[in-house]
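S.K.: Next come the chains, spelled out residue by residue.
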Amino acid sequence: MPETRESSKEHKSRDGIIRLMEVCGTHTMAIARNGIKSLLPPGVKLISGPGCPVCVTPPQVVDAVLGLSELECRPVIATYGDMIRVPGSRPGDTLMKRRALGADVRIVYSPVDAVELAEKERDRQVIFLGAGFETTAPGTAAAIGAAADRGLKNFTVFSMLKKVEPSVRALASDPSFSVQGFLCPGHVAVVTGEKGMKFFSEDLGYPAVISGFEPEEILKAITLLLKQIRNGESKLENAYSTVVSADGNTIAQEMMEKYFALRSDIWRGLGLIPDSGFGIREEYSDMDAEKRFDIKIGEPKQDSGCHCGDVIKGAMEPSECPLFGKACVPEEPVGPCMVSPEGACAAAWKYRDVSA
Amino acid sequence: MEDVITLDYGSGGGKTSKLISDLILPLINKDHEKTGALCDGAVLDILKGTGDGNQRLVFSTDSFVVDPRFFPGGDIGKLSVCGTVNDLAMMGAEPAYLSLSFIIEEGFSAEELKTIAMSIGRTAKEAGVRIVTGDTKVVDRGRGDGIYINTSGIGFVDSDLFPEGYSLKPENICAGDSVIVSGTVGDHGTAVMLARNPEFGMGGGEGSDMLLSDCAPLNREALALARGLGKDLRVMRDPTRGGLATALNEFVEDRQDVGIEILEKEIPISDTVRSICDILGLDPLYCACEGRLIAVVSGECEDRALSILKREPHGSGAAVIGHVTEKTPGRLVIRTVLGTGRIAVKLSGAQLPRIC
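Those protein sequence lines, which keep their order, are chains A and G. With my numbering, letter number 44 in the first sequence gets 44, and the count goes up by one each step, no holes. With my numbering, letter number 109 in the second sequence gets 109, and the count goes up by one each step, no holes.
Bear in mind the hints are in silico, worked out from the structure with no lab data behind them. In this text, all values refer to a predicted model and were calculated from it rather than measured experimentally. Among these hints, one or two may not hold up.
No farther apart than 30 Å at their CA atoms in a straight line, the calculated lysine-lysine pairs in the DSSO-like style are these [said to hold, decoys possible]:
#, chain 1, residue 1, chain 2, residue 2
1, A, Lys45, G, Lys265
2, A, Lys326, G, Lys18
3, G, Lys327, A, Lys37
Go ahead and model the full structure; you've got the sequences and the hints to work with.
M.R.: Next comes the structure, spelled out in structure tokens:
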């Protein structure tokens with residue numbers, strides 16, 4: 001481990017409350033499901049960061065996705081399940097509703113399933129909605145590779161894939177951001193390795209612990225973070241070393257490198273962040289739905305009053321949102337954080353803590 | 001209520017309730033509360049026979065659209081008998097007669113229909129019900145998904161089963177009552193999911209025995225409980241769509257005085273179901289069962305109820321999973337293995353596999 005930085009001053013809490021941020025939707029859900037917040041000592045809070053793929057997708061990109069269903073070729077839109085309930089700029093306008101109105105929207109469990117679909121239905125254009133982080137990017141890369149190998153002319157990917165690191169850097173650069181430590185995303189770390197998580201401590205000066213997803217593992221990671229904070233340390237610790245290695249999954253990294261190039265991308269709540277999105281490389285542009293169908297990302301059409309952006313940044317707790325549990329419930333979500341089971345609001349709603 | 005019916009309205013959760021209460025009921029039956037149109041079966045004050053044979057009549061109906069039609073542990077034919085038989089049995093009735101209607105798509109294999117009919121005959125025999133009327137329609141190719149089946153049924157509640165005026169309903173539940181489930185939960189929903197997606201490579205294809213649907217008629221189990229416990233049996237439910245958590249929510253959602261607390265570690269879930277749900281991001285507490293019952297019984301009859309269930313063919317895995325409590329009125333609370341408590345709400349729409 002490199003020398004740890006004396007950073008506790010830098011990231012000192014203004015109000016005495018220690019805030020720890022998780023940046024992985026599966027952590028958000030596991031924390032809520034196991035009621036971990038209610039076990040924390042007073043003065044320690046867990047807040048959710050930009051770790052839910054659906055949640056960080058901005059409304060104008062969801063509008064573009066919905067627009068795919070209006071293409072003249074009437075494509076098959078192949079998507080992960082949680083994408084289909086996310087409304088675009090207009091409340092209630094979702095892929096699920098478009099499907100009820102006749103769009104061909106199919107839920108797949110892996111990008112390769114979408115390639116199989118394209119193979120089977122050669123006379124249809126199949127567009128796979130690539131969402132997620134370094135977790136799903138390698139699989140999407142593999143799908144592009146498989147489609148290229150098979151010479152499929154009817155398969156494209158609409159990439160909304162994002163890289164975790166730039167979003168955390170963007171968050172941390174906001175002067176109002178106040179977090180004292182990070183629970184590093186375990187699944188992303190499996191791909192990037194410890195080396196992909198070092199920026200938390202080495203560049204940004206935060207205590208950081210790579211954590212697994214079982215309740216005991218999360219509690220252990222929190223304990224390690226609190227110890228670092230108490231000792232004024234800021235280092236990266238790997239508490240998920242059974243699956244996270246120093247260098248990560250190099251094959252997955254090579255796949256991403258081969259098929260994707262980093263580009264500026266828009267994040268809900270965070271805006272445009274340079275080099276934060278995985279765009280499809282020029283060599284594979286015939287697999288790029290944005291290029292094949294000439295898709296332009298517009299401006300959001302109307303303001304739904306949604307505060308998901310603030311929730312994603314950790315600036316607002318789900319329960320502090322004026323829409324939470326009122327205008328915005330899982331049955332009729334206004335924002336994506338209430339849609340995905342990994343969203344901070346859905347997790348907070350579905351698994352409300354009871355102090356009984 | 002949205003302006004088009006999306007698939008979520010058929011999930012059996014909150015959205016289904018909304019469709020029924022907001023759109024359908026106000027237009028057809030303003031006095032539904034008297035007949036219990038919102039329960040699985042309606043108890044009608046029609047008395048059959050005279051003298052010592054007075055019985056109340058219970059009426060129920062259900063439609064079956066399962067995909068795939070054959071899955072490990074069952075098929076659409078078996079399901080169509082069990083579904084209605086179990087709805088009747090949950091009201092304490094002895095199922096007696098069923099109607100059987102087919103909507104068949106042009107081009108459907110006669111051989112397959114024969115297999116389904118045989119399964120229906122076999123299951124009706126096992127459940128001791130007679131199929132006494134029916135209907136058959138054939139629709140144009142492309143206007144139906146192979147075959148749809150509807151069954152309606154009537155059953156009778158013996159007058160000496162319960163004291164006069166007593167029927168099984170959530171209003172009977174009191175603080176201190178015990179909550180019992182007759183076996184492992186989530187088997188059916190997970191088995192069907194695997195059968196639908198053989199590409200998961202987790203078994204689940206035809207002939208696979210890794211995980212079987214729990215699909216079974218429960219009239220023996222239900223009647224044994226009713227006969228053995230009388231008024232100490234408060235309510236029963238077969239947790240089909242929406243699973244255990246949704247059914248338990250429905251027991252207490254209208255109550256100002258009591259709620260239910262269940263212990264996570266006591267809920268019987270097979271390792272197979274737990275692992276599959278983990279991988280797919282599903283919650284087994286919301287996965288459908290087709291051969292399990294939940295019974296709320298008085299606290300002092302807990303052991304007796306368990307031993308009654310364990311003697312029956314589909315009750316060997318019965319377990320007490322929790323209690324009715326005054327601490328959290330109107331709520332279902334799950335006490336986790338860490339000792340924390342979380343509120344579990346009803347399923348809103350269909351469970352969707354998440355991204356990563």
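S.K.: Against each hint, give a clear statement of whether it holds in the structure.
M.R.: Okay, the hints, checked on the actual structure:
1. Simply put, Lys45/A and Lys265/G have alpha-carbon atoms about 27 Å apart, close enough for the 30 Å limit, and the pair holds.
2. In summary, the hint linking Lys326/A to Lys18/G is supported, as the alpha carbons are separated by about 16 Å, within the 30 Å threshold.
3. A distance of roughly 20 Å separates the Cα atoms of Lys327/G and Lys37/A; the hinted pair therefore holds under the 30 Å criterion.
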